[in-house]
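Undergrad: Chains A and B, in that order, are what the protein sequence lines are. Reading the first sequence from the start, the letters are residues 1 to 126 in the working numbering. Reading the second sequence from the start, the letters are residues 1001 to 1126 in the working numbering.
One should not assume that every hint holds.
[Said to hold, decoys possible] Per the computed footprint, the stretches of chain A lying under chain B, defined by three or more beta-carbons under 8 Å from a beta-carbon of chain B, are: (1) 9-20; (2) 57-70; (3) 73-83; (4) 115-126.
If you're looking for bench data, these hints aren't it; they were derived computationally from the structure. Remember, predicted model here, so these are calculated numbers, not experimental data. Backbone N, C-alpha and C define an ideal beta-carbon position, used for all residues, glycine too.
2 protein chains.
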Amino acid sequence: MPKKSALPKSELEVVRIVWDLGEATVRQVSEALPAERTLDFKTVQTYLRRLEAKGYLRSRQQGRAKVYVARVRPVQVVREVLDQVVDRLFGGDTVPLFQHLIHDRGLNDAEIQQLRAMLDELERQR
Amino acid sequence: MPKKSALPKSELEVVRIVWDLGEATVRQVSEALPAERTLDFKTVQTYLRRLEAKGYLRSRQQGRAKVYVARVRPVQVVREVLDQVVDRLFGGDTVPLFQHLIHDRGLNDAEIQQLRAMLDELERQR
DNA sequence: TAGAATGGCCTACATTTGAACGCCACAGGA
DNA sequence: TCCTGTGGCGTTCAAATGTAGGCCATTCTA
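Turn these sequences into a full structure, and let the hints guide you.
TA: See the structure below:
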């Protein structure tokens, strides 16, 4: 149960599936992979094993297969990854990140509304 | 001049300095590193060499030293990195990213104002 | 019930990253 | 002029990642 260093992308793809499914066997994860992204069963197995070794997943035996389930909350993992990115990319400052997301990736009207709503909410809580 | 897969974090730290300085020699980059982050001169040299090989920087000889300068615009690199993250973390959807940034990292009042301003600006352009 | 699948566990292996070394050339001060 | 420091270029080397293969036991299924 050694703690960690932010997950590499391949493992992230896999752990996200476990989060979505709640819990899953190797095969279930394999099958839940998006069509454009094929990974050998063994490869998925390896990633899940690594994720468990790193402490992100826990597993229990169920019949012949293992069922993996999250051990740390997604929000924590997301935070780790984002912290890294924000740091590396903008020296820790989030505003330029928003700036970039808004200007470069663009937002549609619905998204703008959602964002405003989040800000309102946030201010109301002050 | 091969294009390439998003930059690893160490190289990002280095290329950001070149962006900031406009152009720089190995030594200048070395010295511009934040105090908490020391890298051997040779290490910096290696990263700069790799960045050039990957096509992110260009260099010209100036006396005995090489001067490195950006070859792709920062915004493009940032985009590459962010696309990866948004994909890996949220399946390509940016709203959850904002959600996370706002709720988990928090924003101070000034930041909220800046964000609102950006949104206003964006809408005005519609 | 015998062979084909399936899954677990270990192992492998190339590539990429992180971080430097060593050797050699040149340039400037003692 | 000789030594020292600075840079370039090639190399190295371990750990992390990406992606499986091998072998073995257990299960289905024909």
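Undergrad: Would you mind marking each hint as holding or not holding in the structure?
TA: Here is what the structure says about each hint:
1. 9-20: With 4 residues close enough to chain B, the hint holds.
2. 57-70: violated (count 0)
3. 73-83: holds (count 5)
4. 115-126: holds (count 7)
The structure is inconsistent with hint 2 alone, although it conforms to all the rest.
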